[in-house]
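Sequence order for the protein chains is A and B.
Counting in the numbering used here, the first sequence runs from 222 upward without gaps.
Counting in the numbering used here, the second sequence runs from 222 upward without gaps.
Keep in mind that the hints were calculated from the coordinates and are not lab data.
Note that this is a predicted model, so its numbers are computed, not measured.
Check the hints yourself; a few may be wrong.
Any copy, or any two copies together, can satisfy a pair, since identical chains are not distinguished.
[As the list claims (entries may be wrong)] In silico SDA-like cross-links for lysine to any residue, where the CA-CA straight-line distance does not exceed 20 Å:
#1 K223 x G422
#2 K361 x D293
#3 K503 x Q323
#4 K361 x D322
#5 K446 x G464
#6 K562 x S528
#7 K553 x L465
#8 K365 x Q323
#9 K361 x E494
#10 K296 x I489
#11 K397 x D484
#12 K444 x I388
#13 K485 x F398
#14 K223 x G263
#15 K553 x G422
#16 K583 x L525
#17 K394 x Y448
#18 K500 x T367
#19 K446 x R339
#20 K365 x E499
Number of protein chains: 2
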Amino acid sequence: MKTYSIAKSRRVRSTPYTSRIEKQGVTSYTVYNHMLLPAAFGSLEDSYHHLKEYVQIWDVAGERQVEISGVDAAKLVQLMTCRDLSKSKNGRCYYCPLIDDQAGLINDPVVLRISEDRWWISIADSDVILYAKGLAIGNKFNVKITEPNVDIMAIQGPKSFKLMEDIFGEKIKQLKFFGFDYFEFGGDKHLIAQSGWSKQGGYEIYVENTSSGLKLYDYLFEKGKQYNVKPGCPNLIERIESGLLSYGNDIDNGDNPYECGFDKYVNIDSDVEFLGKEKLKKIKSEGIKRKLMGVEFDMKEISLSGSLNLMDEKGHIIGELRSACFSPFFKKVIGIAMMKKPFWEVSQTVNIKINGNNLTGKVCDLPFI
Amino acid sequence: MKTYSIAKSRRVRSTPYTSRIEKQGVTSYTVYNHMLLPAAFGSLEDSYHHLKEYVQIWDVAGERQVEISGVDAAKLVQLMTCRDLSKSKNGRCYYCPLIDDQAGLINDPVVLRISEDRWWISIADSDVILYAKGLAIGNKFNVKITEPNVDIMAIQGPKSFKLMEDIFGEKIKQLKFFGFDYFEFGGDKHLIAQSGWSKQGGYEIYVENTSSGLKLYDYLFEKGKQYNVKPGCPNLIERIESGLLSYGNDIDNGDNPYECGFDKYVNIDSDVEFLGKEKLKKIKSEGIKRKLMGVEFDMKEISLSGSLNLMDEKGHIIGELRSACFSPFFKKVIGIAMMKKPFWEVSQTVNIKINGNNLTGKVCDLPFI
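Same shape as in the complex, but just chain A (with noise of 0.2 Å):
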């Protein structure tokens, strides 16, 4: 596929490490909340396996949080998502899909609760500063709504815990998944979660300081060597074979929570008030009419740039792809896709069209491992 360079401006903002991985090789990117993401250095598949056996530093800054703090934070943070945070507890992150007042989904962030009164809202790709601002106006809350100078750098695979350990020391052992607290480096403080958008295990650290976070993004360079740490970023095979869903891929605004299989983090039985609940229990009681599955084909590569239809044996749509790789793992391409109902059962015949050729695959279950 012929490749197009991408145009930098201010508006496309570069993040804190951008120069950084421009000397080590980054080689594409994509826009993420307005930000510069890195994509690959190199190629993705040898990414992929240096993921899954030692230890990467990735820039994604392009993670932004939307601190919301005030005496009415909690109340505006759960008024956004499905998932009852009532029992939530400082210090813990918590998977929480974002919907609108149809239940459709407005972004799948990871909710930082800092204290009672003070979240981060740690967003996928699209504006929840705006959403957050326009219900706390409309609902005269009392909070504080910001984007702060917060530039995430993710410490990704299998060896980040003994990276992590020789810099942090035993501390940091004591962290639990999705929990987070403050480690010091050379002084100065850091959140650090234990979380990351990759299934290889890891932290988060979430830089405020950032002439504090650059000299801490070299020293893990240095300290990693004997880890063979590498620069790296999202990995799109990775993530998909770890059954990871990306806002804007896999799940949008025309899609609700159970469509997408996120049952646990609906809790329309709690007490709770968030938006979309009488929408949900409308939708639970009728059943859903499409499901989002895994699918598999026997080709060696794909390349996807939108959605692509499949097709019963008639040519009939019965769902549509929406995520693709080859998969080193499986040997053999691998997606996600939302299936119409009768058509997302497990085996499935599932027809596709590409270049021209016709080719056949099936749904599976996700994820995929």
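Place chain B on chain A using the hints.
Frame of chain A, contents of chain B only:
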């Protein structure tokens, strides 16, 4: 400057015209409202000269529409902008700064009043739909808010008038600047406005019927041969020379309308209710502390990927350069900068450091031409 490829995916949406412009030689993209926006077809300067003399067809589908309809539609649109729309007319476009309750800019769209209870907000690069939804839900407004399937193609340049007359006949000559109406092509109606993001004149076709729009796209190139038609896109050089501001580049949520020179679109003495009105009154009475101005440097080239500080002779920061290009017309580098008080006076000397070199320029008025 090294170039990097753009990673395509469903999240960074293609447009109905993408496959065509890729055959026609697009070389660079940016991302605008989660959609591919062409940024160059080879040389920016060649394209600039062509635009000023002939006619170009632009894929500006990234300029998405937020449709607001229903009995409270006018109230909601007015709530978001400091421009008094109480005397607005159907069939007219209005350039409207959208602001939040702190008078920070949210977007600077062109608002189309289709009817009293149906509006299109033709947006710059931020998710205005989420702001509108939040406000509508919070205020319990009776409105419907959607992003309709509208993919704009712009016909820009001095020969656009002749070309469009050839296709749509005499009637299109009656369309005034920022007026819109429906025009027929091959049996289908298209909403066409006399507008566009250049100062070379032209039209924007709001394509709702995609298949008809694609036929029209091809027909424009066929009929346009005699006018030396070419594919193009918003041109950095032309838009800076013309002083057309770009949200995210020249202006952002940290700026208020007065700082951006939008005084004539700020109607604080009107009776209409909009957000940030009290804040704007306060800003006006106290006076602004920063102001958007032009700057010029005797240099042959510049390439910005972010802001650059402007300094006085002692090295103190007195402003921030946000966009810049080499202007073939002025034979120097021109740019748009947010200048601090009192350094915004015309002829103020500004110093800048690029690649270790110290360069001197001066402040000037906007627009340049």
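Subject >> Hint check, failures only >> reply: Going through the list in order, the structure violates hints 1, 5, 11, 15 and 19 and respects the others.
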